[in-house]
Structures are given as C-alpha cells and as structure tokens.
Amino acid sequence: MNPQLKGIEQLSGTYAFDIRISNKTLKLNRFLWKMIGKEWRERYLADPEAVMQEAGLNDTEKELLRKQDWLGLVQYGANFFVLEKFARVARKTNLEVYAIMRGESFEEFMQTRRVPESR
Amino acid sequence: MAKIIGCIGTSHVPTIGVAYDKGRQNDPAWAPLFEGYKPVAAWLAEKKPDALVFIYNDHATTFFFDMYPTFALGVGERFPVADEGAGLRNLPAIKGNVDLQCHIAESLVNDEFDLTIFQEKPIDHGCASPLPLLWPHEPDWPGAIVPIAVNVLQYPLPTARRCYKLGQAIRRAVESYPEDLKVVIVGTGGLSHQIHGERTGFNNEEWDLEFLRQLQFEPEKLTQLTHADFVRLGGAESVEQIMWLAMRGAMPEKIRKLHQNYYLATTTAMTVVLFEEGEEPAQQAARSSTASVPA
Chain A
1 MNPQLKGIEQ LSGTYAFDIR ISNKTLKLNR FLWKMIGKEW RERYLADPEA VMQEAGLNDT
61 EKELLRKQDW LGLVQYGANF FVLEKFARVA RKTNLEVYAI MRGESFEEFM QTRRVPESR
Chain B
1001 MAKIIGCIGT SHVPTIGVAY DKGRQNDPAW APLFEGYKPV AAWLAEKKPD ALVFIYNDHA
1061 TTFFFDMYPT FALGVGERFP VADEGAGLRN LPAIKGNVDL QCHIAESLVN DEFDLTIFQE
1121 KPIDHGCASP LPLLWPHEPD WPGAIVPIAV NVLQYPLPTA RRCYKLGQAI RRAVESYPED
1181 LKVVIVGTGG LSHQIHGERT GFNNEEWDLE FLRQLQFEPE KLTQLTHADF VRLGGAESVE
1241 QIMWLAMRGA MPEKIRKLHQ NYYLATTTAM TVVLFEEGEE PAQQAARSST ASVPA
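Those protein sequence lines, which keep their order, are chains A and B.
The opening residue of the first sequence carries number 1 in this note's numbering; numbering runs sequentially from there.
The opening residue of the second sequence carries number 1001 in this note's numbering; numbering runs sequentially from there.
Hints were generated in silico from the structure; no laboratory data involved.
All values reported here derive from a predicted model rather than from experimental measurement.
There's no promise every hint is true.
Claimed, not checked - Below are the SDA-like pairs computed for lysine to any residue, each with C-alpha atoms no more than 25 Å apart in a straight line:
{"id": "1", "chain 1": "B", "residue 1": "K1022", "chain 2": "A", "residue 2": "K6"}
{"id": "2", "chain 1": "A", "residue 1": "K92", "chain 2": "B", "residue 2": "H1137"}
{"id": "3", "chain 1": "B", "residue 1": "K1003", "chain 2": "B", "residue 2": "T1062"}
{"id": "4", "chain 1": "A", "residue 1": "K34", "chain 2": "B", "residue 2": "T1159"}
{"id": "5", "chain 1": "B", "residue 1": "K1003", "chain 2": "B", "residue 2": "H1137"}
{"id": "6", "chain 1": "B", "residue 1": "K1022", "chain 2": "A", "residue 2": "R30"}
{"id": "7", "chain 1": "A", "residue 1": "K62", "chain 2": "A", "residue 2": "G77"}
{"id": "8", "chain 1": "B", "residue 1": "K1121", "chain 2": "B", "residue 2": "A1086"}
{"id": "9", "chain 1": "A", "residue 1": "K38", "chain 2": "A", "residue 2": "R20"}
{"id": "10", "chain 1": "A", "residue 1": "K92", "chain 2": "B", "residue 2": "T1116"}
{"id": "11", "chain 1": "A", "residue 1": "K67", "chain 2": "B", "residue 2": "P1122"}
{"id": "12", "chain 1": "B", "residue 1": "K1165", "chain 2": "B", "residue 2": "L1091"}
{"id": "13", "chain 1": "B", "residue 1": "K1022", "chain 2": "A", "residue 2": "G77"}
{"id": "14", "chain 1": "A", "residue 1": "K62", "chain 2": "A", "residue 2": "R88"}
{"id": "15", "chain 1": "A", "residue 1": "K27", "chain 2": "B", "residue 2": "G1143"}
{"id": "16", "chain 1": "B", "residue 1": "K1022", "chain 2": "A", "residue 2": "K27"}
{"id": "17", "chain 1": "A", "residue 1": "K6", "chain 2": "B", "residue 2": "N1151"}
{"id": "18", "chain 1": "B", "residue 1": "K1182", "chain 2": "B", "residue 2": "T1226"}
{"id": "19", "chain 1": "A", "residue 1": "K6", "chain 2": "B", "residue 2": "T1159"}
{"id": "20", "chain 1": "A", "residue 1": "K38", "chain 2": "B", "residue 2": "M1067"}
{"id": "21", "chain 1": "B", "residue 1": "K1165", "chain 2": "B", "residue 2": "T1116"}
{"id": "22", "chain 1": "A", "residue 1": "K38", "chain 2": "B", "residue 2": "T1116"}
{"id": "23", "chain 1": "B", "residue 1": "K1038", "chain 2": "A", "residue 2": "E117"}
{"id": "24", "chain 1": "A", "residue 1": "K38", "chain 2": "B", "residue 2": "D1021"}
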C-alpha cells in the first residue's frame, strides 16, 4: 500500500488510479486514449467490435463499453482523463457523464451546482 | 541574471478554453471567470516577463500510462497546442526559449531532479486552457514558456514536499541563468473538484480558502499533507494542487497577494491568484509594532 494513499479507501465513490490498477487495465485505457486520433475514432464508429477486438479487450471491458457504463468503467479501472476522450466519441459532455456517475439526471445534477446555467 | 518577478496560481479547466474559443467572455455564467483574469493579464502586460515557467500536467494526451513521466520538461522553439480529440484550437503554437529551457533542465538535473526531457510534443489544456487568459496571442505570444509537466494522474505521484522542493530548485535554476530575463512561475490545477466516481461534484470552499491562506503564509504546512489528505479535503482531482506548491517553492518566504478570483460555477473551483515578493500590510504593521516594543 502506498502510504501517501492511506485512508483513501474510507472515501466512498473515489477510485485512486495507481500503477497496480493501470497495469491491469492498460489495454482498456490505451483503447480509450487512442480516441484522440481521428482515424481510430472513425474506425471505431464504423465497426466497434472489430476495434475493441484489435485493442485486445476482454469480454468484461467490451460489455462495459457497449453499455457505455461510465461508472462501471471507472470502478473497473478506466482513468477518467482517457474516458472523457471516449465520451466525446459517444457525444456526451463531461457534465452529462458526471450526472450519470452520480446516478442523477442531467437537470437534477445541474440544479446541485451554484451556476446551473454554466454549461 | 534572470529574476523571478512573481507567481500565478491558476485553474486549468478545459471548459475555460472551450468558453474562450466560443467567445463567451460576456455570458453572465462565464463573465465572473474571465473578468477575474483581467487584473493578472494587465499585470503581465505591464511587467512584460520574458518567460513563464508553466507547471502543469498532461491529461494522458501526449503521454500515456505505458510511459508516464513523474517530472518532464519541454525543450523547443515551438510546441503545438494539442488536439485532445475535439479538434484544433485557433491558437498559435506555444513559444519556447531553448537556451533557457536547457539551462533550467541542466540545473534541475544537477540539483538531483532527474527529469524526462520532451521535444516536439503537443501541450494540452493543462497549459493551453489558462494561457490565452493571461497573455495575448495575436499575432503571436509575447514570450516563451518553459513547460514542466508533473504526474498528478497515475499514483505514485510526487509528494507535496517533493513538489515544493522542485520549486526551490526552479528558483536556483532561474537565478543562475546569466541573461537578465524576467520570469514568472505559473502553477496550475485545482482548486477543489472531483470528476470521477459517485463522489463527482465534491467541492469544499472552506478548504480552498484555507489552502490559499496557507499557501501564502505557511506553505511548509501544506507539504506535510499526503495525497489522501488532498483527496479527502478537496476531492480526488484536487491533488493536482501539489503543482501550486511547486510554484510556491520558487518564491521567497514572504509574498503578498496582488489579486485573487475564486469562481465555483459547476464542478471546479476556478481560481486565479497573483503574488509578488513582499509583505502584506498587516505583516508590516505587526513587524513594526514588535520592533517598537521597548526592550
């Protein structure tokens, strides 16, 4: 256990992304990271199954992506900063993904914010 | 010799860049943010620094987790602004100063900060989101950037104390540069926010303001915090505030605040703060009253 992270397990709804997790989820995170590139995005949109296969993803990872299970992906070990690149491909804004992770509708979530018009 | 003339702490939320590009400077939801940067931009326009040492993090854009540097410094006359998947921004490539960057790299490594050096690599919103709010960019940026990327994404991260020491080493590096350049240190990220998991949307204004106070007056205290402390107090992604400690480490003991803007609109407490070397009036008063007490 990294002593700098001592106590973090007591914070519910928080998933520290460390090298142990990263090592297990590297293929998934690389798949998500490559969504920066236009060619990868277009190939994925044209044939998602083929591109997920090419990326070496396992069945659990493929299913999480098919369902666009944003919270499930984070809990599994997707890093949010590559997940947001996939969100662009799925035509979701970060604010929409935040609402989903909290289990709220978008409008419900925005009403919890100080400036709900800021979107 | 080169001289550090001040430091700026700033959020680097990507939506700042999006709102800027969409021209939402006068939109009531965004104006408090943009207005808050104007005094800092005016200070920079007046002081005309030659270079900004920009302590930022790459958001798995240029670097990926299969090789992710703890500390990395960019060397180059130009760096493209990264396309993070949403298209290119209408900004000139970020300008560098190879001689200054190389000197700082040499000084830091000889000072036992064993950096990765990157060249001809794009720089993402960690630097490019606040930069146009600080400096004009038409027709080109008025000065050079020394980009220093810190791993705040994949634990183990450098400790708060290590970042503070990096700042102290940056000061030694800048002050040993032979040319009479004016340099400003910029620390980016924060303040409170969490953008993953069910705890997404967490903020803590009380802690944010206390962090700003300690940053100015008791930075050593902040270096004792663990990453878990930052996550608990300010939300998971607020751990990037260790980059503000690197900025603070590059400044002398006594600094005075010239400007602060705090705007918590949705998920991130968007903050900009400007410091110069010197004392606050209250510190001066306290010192002179102590001095006048008869022995």
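Agreement of B:K1022 and A:K6 with the hint, judged by alpha carbon distance not exceeding 25 Å
42 Å, violated
Please verify whether A:K92 and B:H1137 have alpha carbons no more than 25 Å apart.
Violated, at about 30 Å.
With the threshold set at 25 Å, check whether the alpha-carbon distance from A:K6 to B:T1159 stays at or below it.
13 Å, holds
Sort out whether B:T1062 lies within 25 Å of B:K1003, counting only the CA atoms.
The hint is violated at about 30 Å.
Measure nothing beyond the straight line between the CA atoms of B:K1022 and A:G77; if it is 25 Å or shorter, mark the hint as holding.
33 Å, violated
Hint check: A:K38 vs A:R20, CA-CA at most 25 Å. Holds or violated?
30 Å, violated
Regarding the pair B:K1165 and B:T1116, is the alpha-carbon distance no greater than 25 Å?
Measuring from Cα to Cα gives roughly 17 Å; hence the hint holds.
Regarding the pair B:K1022 and A:R30, is the alpha-carbon distance no greater than 25 Å?
30 Å, violated
Would you mind confirming whether the straight-line C-alpha gap from A:K62 to A:G77 stays at or under 25 Å?
13 Å, holds
Assess, step by step, whether the Cα of A:K67 is no farther than 25 Å from the Cα of B:P1122, and give holds or violated.
32 Å, violated
Quickly compare the C-alpha distance for A:K62 and A:R88 to 25 Å and report which way the hint goes.
18 Å, holds
For a C-alpha distance cap of 25 Å, please report whether A:K92 and B:T1116 respect it.
It is violated: about 35 Å lies between the C-alpha atoms, which goes past 25 Å.
Figure legend: structure checked against the earlier numbered hints; hints not met, in rising order: 1, 2, 3, 4, 6, 9, 10, 11, 12, 13, 15, 16, 18 and 22.
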